[in-house]
Amino acid sequence: MKEREKGGVPDDALIRTTLAGDDGAFGELVERYKGRAFAVAVGIVGDGDDALDVVQDSFIKAYYKLKEFRFGSNFYTWFYRLLVNQAIDRWRKSARSAEVPFDESWLSEDASPPDSFAYPRTPEDLARNRELGDALQCAVDALPEYHRAVIVLREVDGMAYDEIAKVLGCSVGTVMSRLHYARGKLKESLKSHREG
Amino acid sequence: MDCGTALGKINAKADGHLPREEEAALAGHLAGCSACAAEDAAISAAGPVLRALTGIRAMEKAPALDAMWTRVRAGIEESRETRRRSAWIARWAWIPAIAALAVLALLFYPAGTDRSPFHPSSFDVAVENVESDVATVALVDKGEDLPRVIWIIEDA
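Residue numbers (the working numbering), protein chains in the order written: chain A, 1 to 196; chain B, 1001 to 1156.
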């Protein structure tokens, strides 16, 4: 996507430079996509340290697979496919579906319940409402892995349906169906928190 | 608008498929129905809350994320070294295989028949020059007198 390359060298050019032997160009790709990649990875695996490993491993894998990249297609779509698969593999291996990974360190001691039923929309607001974060994390963890990937790619990364379909190798209809299901589950979790 | 219709439209709105002209009608229903309003609020909040949750994780790991390229570069170097070693092993993997074959050939050689040109009482398998571009594997009959090369194979 062009706006993602705004003000910088296009992804294709960085890939060509990397393939010509300049690893620094690949470093620029890492800098360009690491933040979004982390957000997607942590959305899927749930744990920050695991997500860092997933991002690192995905970039390393991408570096060695760069020869297979088809110029003209989007780097981030291609890369996200590696990333999501890596994250899902990680999730399966860690088998953390039975537990709820939730780091309490971000909670300040004076954390207090929300003043109203307005849902938090920023990390700072959410940090003041541990129970809600906990409930949502539980709901995310309970989702089947590909449903989780879909909701994260859509809501966290803001990907279009057709892009998500390319990343996951499925149809747009499947994406919409999974998204509908996942959003419904998250909604139930938020509603029960509000009512409880 | 009844609640059943409204729920369908709430989902369509969340999916981004509610025509603009229908939004006003839905908004009218939501203003007078607290149950549907709660449904709409929860489904609309799912995305932002999820983003907030991942945002917290990102803040926690910001220093590690800043060093991501350093981590990736180290991983690439490590992987490169592993690949180099694997390639080296693949290149010279035939040596122990050939040596084992040679030993087996000697062990099962039909002793006591006049078909055999010689029967070494003891032998050595020597592998040389594996660090250079050429490697040799030699089967050496230590014998009674001078050592004698039985078989030698060379690979460049």
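Hints are not guaranteed to be accurate.
Heads up, simulated SDA-like pairs for lysine to any residue below, C-alpha to C-alpha not over 25 angstroms straight-line [what the hints assert, rightly or not]: (1) 67(A) - 1090(B); (2) 61(A) - 1078(B); (3) 67(A) - 1088(B); (4) 67(A) - 1013(B); (5) 1013(B) - 137(A); (6) 93(A) - 67(A); (7) 61(A) - 1067(B); (8) 1061(B) - 31(A); (9) 65(A) - 137(A); (10) 61(A) - 137(A).
If you are wondering where the hints come from, they were derived from the structure by calculation, not from laboratory data.
Evaluated hints:
no.: 1; hint: 67(A) - 1090(B); in the structure: holds (22 angstroms)
no.: 2; hint: 61(A) - 1078(B); in the structure: holds (12 angstroms)
no.: 3; hint: 67(A) - 1088(B); in the structure: holds (22 angstroms)
no.: 4; hint: 67(A) - 1013(B); in the structure: violated (42 angstroms)
no.: 5; hint: 1013(B) - 137(A); in the structure: holds (24 angstroms)
no.: 6; hint: 93(A) - 67(A); in the structure: violated (28 angstroms)
no.: 7; hint: 61(A) - 1067(B); in the structure: holds (18 angstroms)
no.: 8; hint: 1061(B) - 31(A); in the structure: holds (15 angstroms)
no.: 9; hint: 65(A) - 137(A); in the structure: violated (33 angstroms)
no.: 10; hint: 61(A) - 137(A); in the structure: violated (28 angstroms)
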